[in-house]
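With chain A's structure known, arrange chains B, C and D on it following the hints.
There are 4 protein chains.
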Amino acid sequence: MEQLRSIINDASTIKGKVFALFIQVLIIVSIITFSVETIPDLSDQTKQLLQRIELFCVIIFSIEYVLRIVTAKNKSKFIFSFFGIIDLLAILPFYLAMGVDLRSIRALRLLRLFRLLKLARYNKVMRRFTNALVIAREELILFFFLTIILIYLAAVGIYYFENPVQPEAFSSVFESLWWAVATLTTVGYGDIYPITAGGKIFTFFILLIGLGIVAIPAGIVSSALTKSLDKEPLKEEI
Amino acid sequence: MEQLRSIINDASTIKGKVFALFIQVLIIVSIITFSVETIPDLSDQTKQLLQRIELFCVIIFSIEYVLRIVTAKNKSKFIFSFFGIIDLLAILPFYLAMGVDLRSIRALRLLRLFRLLKLARYNKVMRRFTNALVIAREELILFFFLTIILIYLAAVGIYYFENPVQPEAFSSVFESLWWAVATLTTVGYGDIYPITAGGKIFTFFILLIGLGIVAIPAGIVSSALTKSLDKEPLKEEI
Amino acid sequence: MEQLRSIINDASTIKGKVFALFIQVLIIVSIITFSVETIPDLSDQTKQLLQRIELFCVIIFSIEYVLRIVTAKNKSKFIFSFFGIIDLLAILPFYLAMGVDLRSIRALRLLRLFRLLKLARYNKVMRRFTNALVIAREELILFFFLTIILIYLAAVGIYYFENPVQPEAFSSVFESLWWAVATLTTVGYGDIYPITAGGKIFTFFILLIGLGIVAIPAGIVSSALTKSLDKEPLKEEI
Amino acid sequence: MEQLRSIINDASTIKGKVFALFIQVLIIVSIITFSVETIPDLSDQTKQLLQRIELFCVIIFSIEYVLRIVTAKNKSKFIFSFFGIIDLLAILPFYLAMGVDLRSIRALRLLRLFRLLKLARYNKVMRRFTNALVIAREELILFFFLTIILIYLAAVGIYYFENPVQPEAFSSVFESLWWAVATLTTVGYGDIYPITAGGKIFTFFILLIGLGIVAIPAGIVSSALTKSLDKEPLKEEI
Numbered sequence: 001m002e003q004l005r006s007i008i009n010d011a012s013t014i015k016g017k018v019f020a021l022f023i024q025v026l027i028i029v030s031i032i033t034f035s036v037e038t039i040p041d042l043s044d045q046t047k048q049l050l051q052r053i054e055l056f057c058v059i060i061f062s063i064e065y066v067l068r069i070v071t072a073k074n075k076s077k078f079i080f081s082f083f084g085i086i087d088l089l090a091i092l093p094f095y096l097a098m099g100v101d102l103r104s105i106r107a108l109r110l111l112r113l114f115r116l117l118k119l120a121r122y123n124k125v126m127r128r129f130t131n132a133l134v135i136a137r138e139e140l141i142l143f144f145f146l147t148i149i150l151i152y153l154a155a156v157g158i159y160y161f162e163n164p165v166q167p168e169a170f171s172s173v174f175e176s177l178w179w180a181v182a183t184l185t186t187v188g189y190g191d192i193y194p195i196t197a198g199g200k201i202f203t204f205f206i207l208l209i210g211l212g213i214v215a216i217p218a219g220i221v222s223s224a225l226t227k228s229l230d231k232e233p234l235k236e237e238i
Numbered sequence: 001m002e003q004l005r006s007i008i009n010d011a012s013t014i015k016g017k018v019f020a021l022f023i024q025v026l027i028i029v030s031i032i033t034f035s036v037e038t039i040p041d042l043s044d045q046t047k048q049l050l051q052r053i054e055l056f057c058v059i060i061f062s063i064e065y066v067l068r069i070v071t072a073k074n075k076s077k078f079i080f081s082f083f084g085i086i087d088l089l090a091i092l093p094f095y096l097a098m099g100v101d102l103r104s105i106r107a108l109r110l111l112r113l114f115r116l117l118k119l120a121r122y123n124k125v126m127r128r129f130t131n132a133l134v135i136a137r138e139e140l141i142l143f144f145f146l147t148i149i150l151i152y153l154a155a156v157g158i159y160y161f162e163n164p165v166q167p168e169a170f171s172s173v174f175e176s177l178w179w180a181v182a183t184l185t186t187v188g189y190g191d192i193y194p195i196t197a198g199g200k201i202f203t204f205f206i207l208l209i210g211l212g213i214v215a216i217p218a219g220i221v222s223s224a225l226t227k228s229l230d231k232e233p234l235k236e237e238i
Numbered sequence: 001m002e003q004l005r006s007i008i009n010d011a012s013t014i015k016g017k018v019f020a021l022f023i024q025v026l027i028i029v030s031i032i033t034f035s036v037e038t039i040p041d042l043s044d045q046t047k048q049l050l051q052r053i054e055l056f057c058v059i060i061f062s063i064e065y066v067l068r069i070v071t072a073k074n075k076s077k078f079i080f081s082f083f084g085i086i087d088l089l090a091i092l093p094f095y096l097a098m099g100v101d102l103r104s105i106r107a108l109r110l111l112r113l114f115r116l117l118k119l120a121r122y123n124k125v126m127r128r129f130t131n132a133l134v135i136a137r138e139e140l141i142l143f144f145f146l147t148i149i150l151i152y153l154a155a156v157g158i159y160y161f162e163n164p165v166q167p168e169a170f171s172s173v174f175e176s177l178w179w180a181v182a183t184l185t186t187v188g189y190g191d192i193y194p195i196t197a198g199g200k201i202f203t204f205f206i207l208l209i210g211l212g213i214v215a216i217p218a219g220i221v222s223s224a225l226t227k228s229l230d231k232e233p234l235k236e237e238i
Numbered sequence: 001m002e003q004l005r006s007i008i009n010d011a012s013t014i015k016g017k018v019f020a021l022f023i024q025v026l027i028i029v030s031i032i033t034f035s036v037e038t039i040p041d042l043s044d045q046t047k048q049l050l051q052r053i054e055l056f057c058v059i060i061f062s063i064e065y066v067l068r069i070v071t072a073k074n075k076s077k078f079i080f081s082f083f084g085i086i087d088l089l090a091i092l093p094f095y096l097a098m099g100v101d102l103r104s105i106r107a108l109r110l111l112r113l114f115r116l117l118k119l120a121r122y123n124k125v126m127r128r129f130t131n132a133l134v135i136a137r138e139e140l141i142l143f144f145f146l147t148i149i150l151i152y153l154a155a156v157g158i159y160y161f162e163n164p165v166q167p168e169a170f171s172s173v174f175e176s177l178w179w180a181v182a183t184l185t186t187v188g189y190g191d192i193y194p195i196t197a198g199g200k201i202f203t204f205f206i207l208l209i210g211l212g213i214v215a216i217p218a219g220i221v222s223s224a225l226t227k228s229l230d231k232e233p234l235k236e237e238i
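Chains A, B, C and D, in that order, give the protein sequences. Mapping of the first sequence onto the working numbering: residues 1 to 238, in sequence order. Mapping of the second sequence onto the working numbering: residues 1 to 238, in sequence order. Mapping of the third sequence onto the working numbering: residues 1 to 238, in sequence order. Mapping of the fourth sequence onto the working numbering: residues 1 to 238, in sequence order.
The hints are simulated quantities; they were obtained by calculation from the structure and are not laboratory data. Where is the CB? At the ideal position from N, CA and C, for every residue including glycine.
Label-pair distances were calculated between CB atoms; the ranges are: (1) B:12 - A:15: 53 to 59 Å; (2) C:51 - D:28: 45 to 51 Å; (3) D:22 - C:40: 49 to 55 Å; (4) A:25 - D:22: 48 to 54 Å; (5) A:126 - B:130: 29 to 35 Å; (6) B:74 - A:126: 47 to 53 Å.
The following block holds chain A by itself, in its conformation from the complex (with noise of 0.2 Å):
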């Protein structure tokens, strides 16, 4: 029992490193199958096989669920744990899917996604990442704030300038969102976007504005990763 629990829990050993690879090879094997079965036109053989595979990786993910349970000093607390929580929709889709008609099973399975999390489990730099922004945490909501702001009123502004020429694209202010979230994140598909002058000098304006307002999220994150960085080693070493 309590060798069974050093397995499971403790990736520091070689046999709870083995343990956790092998999980974690099955994770993506899991997404592996999940993404080839979208695709369209599969011969019967390959959805087979497929199924095949899957019912492998569900059936060892139940194990793992299970193990996990028993060898949990206390049980209900890993159940709500959020990773017990993770594991059991991981394999909770593909029981309740036996039921119930297909329809439902297809949008069920994106919780599948959850296993993903569980790489992140073992590691440890993410506590890092999380104190960096508990530490930013103010300034990222006042940033994500403000592009919400400057993303309303820029499509707000593009809508009074582009509608009456282009009743199509800019059909709405919501159709101006999008076209808002497209220019100032810089991904600019192209789409839609303004062909008055007007409406072109108004996009100048907003992206000297905005570009500043959507990058900085990112530059104080890394800054105070750079500052965990620097301090985290001297902590762990005395």
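Positioned in the frame of chain A, the structure of chains B, C and D alone reads:
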């Protein structure tokens, strides 16, 4: 009277928080109403509903405005303060629109957007951002200036390369300016781009220099913010 | 004479400020004139007006240039200084154009753009930026070098993936270079992009590495600037 | 012998500098030759000229390679070192191509690109960059990992929103991955983009989170570099 003042102006008491939240929700409701109104081909029923919501919002905002004047210690100071003017501008278009033609209403409604800024009223992090802007003031002005020079030089350069081959797209320096804005901000809609070898090589060099110039302001502000993040908490604790 | 010198060269006196502002406004007027001239199908009246404004600007700039030589303590030093040459280049095309054919004027007019740099003459923040560039000199050269290598490698790679399928768009490594520039700078006009699975996967990996490389120079310069921002004020106060 | 060694390996002497420069120029010539060869419909005369330049480059590179082995103090160490292998790979395709079919030459020629890395050989700033990468190693791995997870989640999400409406563009999760890469890197070619309201709102939220994640690695590296910029000069002066 004293109690009313604390409800309206002090968001630290429970009643004050409820009042502030109520006004904020109403601002968002009024903005959504404004956005929905721009959707073409709305049913008469929907239009009527939107008008009623709008009427309700304006009435509440008017009452709020009057209460703010009444409870203000220095009445004229509030009326001519930034938020005093914003509050007035948020309700004025509605009363003005009663007597004038419909076209002008549309333009005046844009002012209602300033209501969004009311949300920022209670936000204390904003001050830190303003400080960062003040510290980096001169640098920011220089870089916005350099950005504009660079955009102009890029526009003139590309005009000489592309005008003979694409007289429609690059018809004048002003059209080329639009290309320069879309390119140096890396939006790149794809509505206008160089096709000559010279124009492409020119674009490469302009981007090599330009990307740095355009990205620097965001870097300066985020660095200044992270710095103020280090110092501010200390000041507040002492 | 001494008074004239202070008016022309010293922007700290009132008369000097007025003179500097007058010259700066004239530079902007002359640039707008230059831009408006490129608009096709201008009326003869407008063309004539533009020519008169141009004539006026050139006369003032010529007088300014002569005065700067006259008031310079070291005449030959001014003539061969950066701004001395710029000032000459700004007026020379006009006098040269009187005797030669029209085509060559067009190309020479580009030199007039250097007038824009005159605006920077009085800007002291520029020095801090130059300092930051000097400090990060070696890093910047390395990254511009890495950027060019990366763009070349990306171009050759995509050429092998896309040339067999899109022989028109990716006809040679040179055409692919244009794709690499537009992609790694994230401009993405959409005039040329990979369509094969191999080309798309290659693009993903090139972007994963490339985005970092391309964005780093801006990060280095802005960090160096923020640092100089901390130190400079102290030096100036002492 | 000792003199030959210093010419080849020591770029601090005059003869060594000339030799290094000569090799670097030849590398660039050989790369240009390689690029020009990909242009379709070259005249036979040009092709012959290119072949002669290529022959010349390979001969010089072969002599250089032999000299490096001869002058190396530890011959086998050089042969199996990074640059020893690169040097061999740069000339090997030419000799191999003599006996085999033309198709395979084309693919092998790609190896010649590694010659570019020779230019970096003499660059000492590279070490500082490598140091910065080592310091930020764990953070960079985490963020590349988060980027890949995010791209995958974005692809699956958009697949569910857009597949029913655009079965051609978003035919499978793999096609959606291409969209996710082009969007989160903000390249935005415009060959594939969401058209449903749900897909557009999803894109907005993915960009809000994603822009930060994708831009952070560049921020970390540039911060680490600026820090090493502060410390390095001190070490070198002492």
